[in-house]
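Undergrad: Whole structure, please, built from the sequences with the hints as guidance.
Those protein sequences? They're chains A and B, same order as listed. Just so we're aligned, residue 1 is where the first sequence starts under this note's numbering, counting upward by one. Just so we're aligned, residue 320 is where the second sequence starts under this note's numbering, counting upward by one.
Simulated from the structure, these hints should not be mistaken for lab results. Heads up, the beta-carbon is just placed ideally off N, CA and C, and yes, glycines get one too. It cannot be assumed that every hint is accurate.
[Stated by the list, open to error] So the derived label-pair ranges between C-beta atoms look like this: (1) 105(A) / 348(B): 43 to 49 Å; (2) 428(B) / 57(A): 34 to 40 Å; (3) 2(A) / 328(B): 49 to 55 Å; (4) 456(B) / 177(A): 37 to 43 Å; (5) 34(A) / 328(B): 58 to 64 Å; (6) 491(B) / 98(A): 56 to 62 Å; (7) 177(A) / 512(B): 54 to 60 Å; (8) 174(A) / 431(B): 45 to 51 Å; (9) 65(A) / 501(B): 41 to 47 Å; (10) 562(B) / 140(A): 22 to 28 Å; (11) 367(B) / 169(A): 26 to 32 Å.
[Said to hold, decoys possible] Stretch by stretch, here's where chain B covers chain A in the computed footprint (C-beta under 8 Å, at least three residues): (12) 146 to 159; (13) 166 to 180.
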Amino acid sequence: MTLILFIVRKLGGAAAAMLTVSFLVYLALEVNVEDVAVKVLGQFSTDAQRAAWLTANGYDDPFFIRYGRWLWSFVTGNWGDSTYYRAPVIDLVPDRLAASGILAGGALLVMVPVGLLAGILAGMRPGSLIDRAVSLLSIVTTSIPDFASAVFLSAVFVFWLNWLPGASTMLSGFSLSEMVLPVLVLAFYSTGYLARVTRASMVEVMGTHYIRTARLKGASPARIVWRHALRNALITPVTVIMLQLPWLLSGVIVVEVFYAYKGFGTLLYDAALNSDIRLVEACAMVSVLVVVATQILSDIAYGWLNPRVSLLEATMGNK
Amino acid sequence: MRKFLSPYLSSPITVIGGLLSLGWLLVALLAPVLAPYDPIKTLMPLAKPGALNPAGGTFWLGTDMLGRDILSRLIYGARTVVVFATLATLTAYFVGVTLGLAAGYWRGRLDAVLSYFANVVLSFPVLVLYIVIIVVIGSSPFNIILAVTFGSAPAIFRIVRGITIDVASRDYVSAAITQGESAWRIMLFDILPTASGPLAVDFCLRLGYTAITIGTLGFLGLGLPPPTPDWGTMVNEGRGMAIAFPHLVIFPCLAISSLMLGLSLLADGLREVSDAQGRRA
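TA: Okay, structure coming up:
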């Protein structure tokens with residue numbers, strides 16, 4: 001019951017947020033009607049052509065009526081045509097989103113085991129050699145921007161060792177070797193970040209009284225970590241993993257542009273470079289939708305892992 | 320001064336971070352003295368690092384495809400990064416701190432509206448937000464500062480609002496109100512100083528991330544217009560020829576990574592000291 005109420009409440013909040021976002025996006029991109037005509041028809045169109053196009057597409061109506069109409073067609077799946085790809089936007093987005101999903105999934109596969117393991121090992125004995133090495137490494141990886149780690153990793157594996165391809169166009173079908181570098185670059189930052197968060201959480205838990213009790217009882221270190229510490233220490237990292245998804249979405253743009261990978265990031269990027277406003281609108285809405293959805297999932301995961309916080313409290317609590 | 324600095328100097332990590340950050344600041348300030356050549360002048364295209372300039376001198380880091388000296392462009396690029404990242408971070412702080420204080424102090428409808436708006440802006444993936452803003456208003460130095468302010472003020476707003484709510488209920492604030500001090504005076508002199516520890520840490524990191532944002536926009540070709548020397552733009556221009564001439568892209572990447580590393584280490588050190596002081600207090 002609580003869970004249902006929680007989800008309904010969260011979905012309501014998400015819908016309100018999406019509505020605001022849609023208004024902001026529409027306001028930003030379409031409040032200036034002349035600009036829209038220029039972007040759709042190109043800068044060499046004549047004034048008469050632009051005026052005719054605007055009238056034909058209902059741009060003579062007041063702003064709020066246009067926004068309402070746009071929102072309705074967006075909700076019903078009519079996302080307009082891309083001026084750059086000359087195709088309906090709704091046909092373009094799903095494939096590209098799936099391609100980026102594979103990339104993000106690969107990054108999660110690297111980031112979750114490596115980040116958690118490094119963080120747990122470091123946090124088990126604060127101040128040890130492992131701890132210091134992990135802490136330093138994670139500061140280094142979180143300090144390197146995505147485009148720079150792409151350059152460094154390519155410098156080693158492409159320019160120097162010549163082991164991997166430097167572009168991931170997937171022209172001749174799916175290729176695993178073309179996936180390696182984009183996935184590594186995408187995981188680079190997040191792995192260090194996850195390790196830091198896990199370490200901090202682990203250090204905190206290892207200092208609590210119940211762990212000391214377990215130690216005094218004579219439980220082996222492995223048992224203490226495995227049976228007692230992990231469950232509490234993993235609460236924060238798990239929510240962090242979920243909240244990394246929006247971050248991955250930003251990283252995906254840089255990585256896909258660098259490796260010429262045909263995913264959601266390059267779709268948005270090409271749309272932006274070509275002032276393809278329908279496509280920009282759709283991509284912005286979809287990316288916010290992904291973020292909002294992962295936030296709900298991470299709240300659910302948090303409540304599930306941490307019975308001390310009831311879901312209802314988590315909903316009403318003002319974070 | 321020495322007493323103030325001593326807790327920071329005892330940690331080698333903080334010192335290294337401080338030196339790296341300070342080093343780049345000095346490079347930015349002294350760019351005209353340090354740079355061996357004019358950063359936008361064509362000298363000799365695609366010289367390898369260490370190649371000799373026929374007109375005398377050495378291209379220590381080589382030259383780019385337009386024949387401009389990479390070392391000089393890196394040095395002047397430091398100036399671009401320091402100026403724009405600092406300006407953008409400061410304006411974001413001005414907006415975030417002002418609104419955060421007001422929302423946390425007065426609460427009510429103002430707080431509800433501002434918090435809601437902050438949450439909405441924060442639900443955009445950062446880069447998507449910047450790209451949309453830059454598409455709408457175009458890329459110019461002023462617009463980049465505007466976009467960064469819009470993108471990071473909400474996060475600062477949240478930090479300041481949280482601390483303000485916490486502090487505003489304390490006795491000394493009530494005392495100040497009873498004394499008849501004006502609301503803004505109380506916010507600025509009684510409440511804001513308690514936030515200085517967390518804000519100093521956040522400022523270092525945010526300065527670094529703003530530098531990265533400007534670099535990333537440059538890398539995507541949406542940054543400062545050419546020929547402004549900018550690290551991200553240098554990577555963007557050089558990446559087509561990077562296999563044959565890796566020096567075009569590796570040096571600007573090393574520059575931005577070392578700047579961010581310095582600021583992260585500094586923030587880490589500041590956090591440790593402020594946590595330790597918090598425990599003692």
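Undergrad: State for each hint whether it applies.
TA: Structure-based check of all given hints:
1. 105(A) / 348(B): 43 to 49 Å: holds, 46 Å
2. 428(B) / 57(A): 34 to 40 Å: holds, 38 Å
3. 2(A) / 328(B): 49 to 55 Å: This hint holds: roughly 52 Å between Cβ atoms.
4. 456(B) / 177(A): 37 to 43 Å: holds, 41 Å
5. 34(A) / 328(B): 58 to 64 Å: Given about 60 Å between the Cβ atoms, the range holds.
6. 491(B) / 98(A): 56 to 62 Å: holds, 57 Å
7. 177(A) / 512(B): 54 to 60 Å: Taking Cβ atoms as reference, residue 177(A) and residue 512(B) lie about 56 Å apart, which means the hint holds.
8. 174(A) / 431(B): 45 to 51 Å: Taking Cβ atoms as reference, residue 174(A) and residue 431(B) lie about 49 Å apart, which means the hint holds.
9. 65(A) / 501(B): 41 to 47 Å: For residue 501(B) against residue 65(A), whose Cβ atoms are near 46 Å apart, the range 41 to 47 Å holds.
10. 562(B) / 140(A): 22 to 28 Å: holds, 25 Å
11. 367(B) / 169(A): 26 to 32 Å: For residue 169(A) against residue 367(B), whose Cβ atoms are near 29 Å apart, the range 26 to 32 Å holds.
12. 146 to 159: holds (count 9)
13. 166 to 180: violated (count 1)
Comparing the model with each earlier hint shows a violation of hint 13 alone; every other hint is respected.
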